[in-house]
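Asker: Each chain, letter by letter, is given below.
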Amino acid sequence: MAHITRDEFIKLARASYIKIDEDDIPRVMQSLEAVLSYASILPDIVTQYTHEHEVPPAIVNCFRPDTAVPFAQREQLLALAPQREENYFVVPVIIKQG
Amino acid sequence: MASLEFASIRDIRVFLERKEISVDELLDFYYGRFAKFDKKIGSALELFDKKSVKDRTRSETGLLAGIPGLIKDNICIQDRTLTCASKILAGYVAPYNATVIDKLSAQGAFFIGRANMDEFAMGSSTETSAYQKTVNPWNAQRVPGGSSGGSIAAVAAGLIPWALGSETGGSVRQPAALCGIVGSKPTYGLVSRYGLVAYASSIDQIGVATRTVYDNALVLSAIAGTDVKDATTLKNISAVDYTRNLTGKIKPGLKIGVIDNALHADGVDPEVAALLKNALKEFERLGAIVEYVKIPVMDYSAAVYFILSRAEAASNLARFDGVRYGARSADAHTLSDVYELSRSEGFGPEVQRRILIGNYVLSVGHADKFYNSARQVQHIMRAEFLKTFKEYDLLFAPVSPAEAFPFGAFANNSLQMDLQDYFTAAANLVGIPAVSIPCGFTSNKLPVGFQLMGPDLSEELIFQTGYAYEQVTQWHANHPEL
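Chains A and B, in that order, give the protein sequences.
Residue numbers for the first sequence follow numbering that gives the first Met the number 0, beginning at 0 and rising by one.
Residue numbers for the second sequence follow numbering that gives the first Met the number 0, beginning at 0 and rising by one.
Take the hints with a grain of salt, since some may be wrong.
[As the list claims (entries may be wrong)] If the Cβ cut is set under 10 Å, some of the chain B residues that face chain A in the computed set are:
no. : residue
1   : Phe33
2   : Ala302
3   : Tyr338
4   : Arg342
5   : Arg352
6   : Ser372
7   : His378
8   : Thr472
Just so you know, the hints here were simulated from the structure itself, not pulled from any lab data.
Note that CB positions come from ideal geometry on N, CA and C, so glycine has one too.
The following block holds chain A by itself, in its conformation from the complex (with noise of 0.2 Å):
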């Protein structure tokens, strides 16, 4: 049974913010499912595991406080940008002012 149909794939690739070329989005498709297919068994072993064994924990974030302390790389971090502005990130205009 296919898993994912052109429109869902077309749809998770933007979401991925990745453009895949016409031509090969058959054959990006076809080692996705060959993934997903070969994965799919998952939940079969699940039932038959689940008589002895708990369910593992549910995942928690762990945060430290956030807190301002000094940060001396400010400038390391910048020259980094592919384009920066004094001590901004620039970016494409995203709404044009009227």
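Guided by the hints, dock chain B onto chain A, whose structure is given.
Answerer: Structure of chain B alone, referenced to chain A:
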């Protein structure tokens, strides 16, 4: 003084101590090896200026004083270029040191250059590098394995005595087996990941490539330990000398469980299986109790690995957007273009494929079937492995189903390439340590290795056992003719 060509770190330390060679002469020797042979091998993406290498060390004493190594190009060395073998990071300069670099530097180590790798550590042959091809030193028509192919090939070719790689699904052990050297994947959390560019954070771990078990244990002694900069390192891990039990004898009464469903899995080359069985006979001669055991859930480790690694990769690689660092497309005229074109031009096809799979398995409607199921099976796998370790001290399994394969062998079958991780991914998913050790050659004169896996923090026992095997077999004394 014996030849330096394939000298171990252990021997080099003696040469330096006896002043039979100076640190400068040693550096000159390895730069000379790279100059002579790396055009053919292609292991290094960059060799650093020799003077700057010497000037940057923090200590003239320590476990690795004056001994140079090669660093996989996904581990940050401050003020050095770091690309992860990807175009999207072309020109990126690391603003800080990874913790392992600080630790090695404190032990006097030199970092001679950056090792080639599969792009963002995604691959099993080093063929996905955006920059260059790395060949297997035993046969230039064959891949070195991956993703740490540059690190491993350099060590196997005697260009350098040690290297760092990284593992997510077997990326140190698999190339180590295919190139005939020792490759380790420590317990998850034993070695800090701070400064390692993330692929799948919950299973990534830095590993060590060397030509001998002793050397591997020595380098791990230098890099292991709790790190306040990495919340996933294990707590209260103090310095351990992993060489201290390397006596040449195994632990009395050692029980080794051979994972039957791995050794006898479909697709394991009969020649490889025969070499692994010879290794088991050696362990019996050394006094180990060797028994076969089944861990059926291990058969699904590749499936679990495919889902969890791609899901985490999709999340981790979302940061590469062409805004703050890395390459930006020259054709981008809108913010959306900046993201889409920069990522499409910057990431290679394998990385793009893994991001797409990752976002698919995390998406509404599919996460339960794929991502959540994979996590549950991972949890089951850990429970099953830990249960098995109540019966056995160590587990034995193949690393790779076959010898090193020719370039392009899986160009039209990405799933077969992905399945090169079939036997190695379990240790990553379960979080346990595993070490790949050479155990002979196929009729094509290509190396084969086995892996020993142990429970959490059993590195000492694995090294002790592997060292005893190495001393009676001497496979490590074989080297490729370059």
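Asker: Each hint should be assessed against the structure and marked as holding or not.
Answerer: Tested hints:
| no. | hint | result |
| --- | --- | --- |
| 1 | Phe33 | 28 Å, violated |
| 2 | Ala302 | 4 Å, holds |
| 3 | Tyr338 | 4 Å, holds |
| 4 | Arg342 | 5 Å, holds |
| 5 | Arg352 | 6 Å, holds |
| 6 | Ser372 | 4 Å, holds |
| 7 | His378 | 4 Å, holds |
| 8 | Thr472 | 36 Å, violated |
Of the numbered hints stated above, those contradicted by the structure are hints 1, 8, listed in ascending order.
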